[in-house]
Amino acid sequence: MPLPIVAIVGRPNVGKSTLFNRLVGKRVALVDDRPGVTRDRREGEAQLMGLEFTIMDTAGFEDEDPASLPGRMRQQTQAAVADADLALFLIDAREGLTALDEEIGRWLRSQDTPVIVAANKAEGRGAEAGRLEAYKLGLGDPMAISAEHGEGLVDLFEALRPHVEKEEPSPCPLPPAGEEEEGGPLKLAIVGRPNAGKSTLVNRMLGEERMITGPEAGITRDSISLEWQWRDEEGQLRPVRLVDTAGLRKRAKVEDKLEKLSAMDTRRTIDMSEVVVLLLDATRGLEAQDLRIADSVHEEGRALIIALNKWDVAEGASALFNGIKAALEEGLSQLKGVTLLTVSAKSGKGIDTLIKVAFELRDAWSRRVTTGELNRWFERAIDTNPPPAPGGKRIKLRYITQVKSRPPSFVIFGSRVDQLPDSYHRYLINSMRRDLKLGPVPLRLTMRATKNPYHTANPGGGRPSQPGR
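Just so it is clear: in the sequence shown, position 30 is 18 by the working numbering, and no numbers are missing.
Just so you know, these hints were derived from the structure itself, not from any lab.
Note that the structure is a prediction, hence the values are computed from the model and not measured.
Heads up, the beta-carbon is just placed ideally off N, CA and C, and yes, glycines get one too.
Keep in mind that a hint or two might mislead.
Computed cross-link-like contacts, DSSO-like style, restricted to lysine-lysine with a CA-CA straight-line distance of at most 27 Å [unchecked claim]: (1) K175 x K124; (2) K175 x K392; (3) K298 x K175.
Okay, the calculated beta carbon distance ranges per label pair [unchecked claim]: (4) Q66 x Q224: 26 to 32 Å; (5) D340 x Y415: 33 to 39 Å; (6) P409 x G13: 44 to 50 Å; (7) D100 x G336: 56 to 62 Å; (8) G380 x E221: 54 to 60 Å; (9) G311 x P227: 34 to 40 Å; (10) K334 x K425: 21 to 27 Å; (11) N418 x Y387: 18 to 24 Å; (12) R82 x E146: 19 to 25 Å; (13) Y387 x Y123: 25 to 31 Å; (14) Q322 x E33: 22 to 28 Å; (15) K425 x E318: 22 to 28 Å; (16) E91 x D371: 53 to 59 Å; (17) Q99 x T359: 15 to 21 Å.
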């Protein structure tokens, strides 16, 4: 399903490209003090506090002959607004409303595309007057932002959210078996160190010698994607897209260019997967490289299963399992309760359990918690263990919202949240896993100040102090 499109529009030199670069997280669009640098529409994948959407940078809107270059640029901007789900109309708060801004406003009011107005460059004392002038446009409440300094993004998030977040809450906590989100196959990647048995495991799942295997380490170089159907306990065939990957060695040991490319390919595969199986060689136990791979999977926000392969030939199985489990709890404290299973790629034992758990984790990873359930959990968690009061001043957590799933991502709004200790953040995450039945999938929990200080009246005339970051 394509992401919603937000088109940034406005006259030249109001900061459209600067805002575009901030939302995509890198300097993609050229930025200069001279007007007219941007000519063509440019698209990028934007993220703002968990919201994901396509952001479109457009040329400055000018009143010129349609046959001229500025006129053709204007036509591109008009086409961008027609294609967009939302137009973000940018004005310069320092300069105030201009005749061209009013012309653009009249044109936007005649379009079917919803519009929100942002007064950019609002970091100075004189910017509030320019923001208030924007009410003349008749396009709703203008917000104050600074694309260059990253101010006002909470207000921008709240304005974008009704238009961008189109995901419908599920009527039940987990989708029924066989009806996965978006109806697609389970995207399952098998990763691990060289010679852990990844290709042998894939061959066993497929029931054929699809992948080359052997005693040599590093046979697989490319990530190979294979379509497969797994028959569940009820006899239903459920689609799986299996990806076998190249082994990941410690980076310091990787010198060959081809191996470096293979490692990059594997990391890209992790990013494109839903569930990742980290395969360990039970005869070699847990090594530091395994923890590094597991941590990278968690950082990418993918559901993780750790599987001990060659379990049929492992010595001291019970002590080995408990030792690895204890080491994981210590080395992967950020992913409490990570799933640990045993398999044998050679005999096929444990594979059905592995796939069953992968589907269950995908369900939890895709879950959207209902508003009522989320609010009840939030009130319970705060009442059971209230936030601390550093310096005698209480930290107030006001409300929570889920901004996305896959992985489940939440934002808590409150006051003085920058002083919330890490221990309380961990308490909320662990409580969420337990009480909302989210299990050992990556969770994203962001704290945001309830109010932007530049929206607050400042009778003394001085610049308001910025909140802690």
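Hey, K175 versus K124, does the alpha-carbon distance stay inside 27 Å? 51 Å, violated
Does the beta carbon distance between K425 and E318 stay inside 22 to 28 Å, or does it fall outside? Distance hint for K425, E318 holds at roughly 25 Å.
Starting from the hint 21 to 27 Å, judge whether the C-beta atoms of K334 and K425 obey it. 35 Å, violated
Cβ-Cβ distance between Y387 and Y123: within 25 to 31 Å? 28 Å, holds
Is it true that the C-beta distance of E91 to D371 lies inside 53 to 59 Å, as the hint says? 54 Å, holds
Do Q66 and Q224 keep their Cβ atoms within the hinted range of 26 to 32 Å? Because 50 Å falls outside the window, the suggested range is violated.
Hint says 22 to 28 Å; check whether the CB-CB distance for Q322 and E33 agrees. At 25 Å between Cβs, range holds.
Cβ separation of G311 and P227, checked against the hinted range 34 to 40 Å: 36 Å, holds
Does K175 sit within 27 Å of K298, going by the straight-line distance between their CA atoms? Satisfied, since the Cα-Cα distance of roughly 24 Å is no more than 27 Å.
Quick check on a hinted range of 33 to 39 Å for D340 and Y415, using CB atoms only. 36 Å, holds
Using the C-beta atoms of D100 and G336, is the stated range 56 to 62 Å upheld? Holds: the Cβ-Cβ distance is about 57 Å, inside 56 to 62 Å.
K175 and K392 were given as a pair; does the straight-line alpha-carbon distance stay at or below 27 Å? 19 Å, holds
In terms of the numbered hints stated before, the structure departs from hints 1, 4, 6, 10 and 17, listed from lowest to highest.
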